Structures are given as C-alpha cells and as structure tokens.
Amino acid sequence: MPHSLTVKKIDGKPGKVYYPLQVNQIAKPTPGPNELLVKLSAAALNHRDLFIRRISTPASPLSIPSSPMGTAPSSLLGPAPPPLSCTSLSS
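Be aware that the sequence shown starts at 1, since it is given in the UniProt record's numbering, and climbs by one per residue.
Simulated from the structure, these hints should not be mistaken for lab results. Treat each hint with caution, since some may be false.
[To be verified] Dumping the calculated DSS-like pairs for lysine-lysine here, alpha-carbon to alpha-carbon at most 30 Å: (1) Lys16 / Lys28; (2) Lys28 / Lys39; (3) Lys39 / Lys16; (4) Lys9 / Lys39; (5) Lys8 / Lys28.
Keep in mind it's a predicted model, so treat the numbers as computed, not measured.
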C-alpha cells in the first residue's frame, strides 16, 4: 500500500514549534484523464518542508504532502493523455 508523508498538528505556537512528520498509508490512486501517477523510489526533505513544519509562512497548510522532490523509475498514465512534445530552448 502506498504511503504519504504529512505534517501532524500538535499544540504550540506557529513558528515556535516543529510539527512532527507523520507517515500515512493511503489507497493507491488511479490516474484520471490527463493525469500521471508516479511511483517514487526515493524522496528528499528540503527547506520548504522545514518551513511547513514550523508554519513559518502564511500559506503553510498541514495537509499538503511533504517531499516534493524524488526519483521515479516507473509511472502510469491515465486514459487518453494528450500528446507530449519537447521544445528546444536553443536559438
């Protein structure tokens, strides 16, 4: 079963307490139209996660998953994805 990493709300003043990280089991999502499901094999915590744990920014919802960066060896496309294209940035 897949997992997510979120921040758990505890008593304390925002900016003065580090909210603990919590591992959650979640149901495997099914990608919808124009969506991509990515299976991460590794994820990294960064400064964004630190700021969220301290609630030191105005828009720090506790429900968003942590670790926005990671490595993914496999993925699953939802039905009827649009064609993918690459654009060259060189002139």
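Results for each hint:
| no. | hint | in the structure |
| --- | --- | --- |
| 1 | Lys16 / Lys28 | 35 Å, violated |
| 2 | Lys28 / Lys39 | 10 Å, holds |
| 3 | Lys39 / Lys16 | 34 Å, violated |
| 4 | Lys9 / Lys39 | 27 Å, holds |
| 5 | Lys8 / Lys28 | 21 Å, holds |
Of the hints listed earlier, those the structure fails to meet are numbers 1, 3, in rising order.
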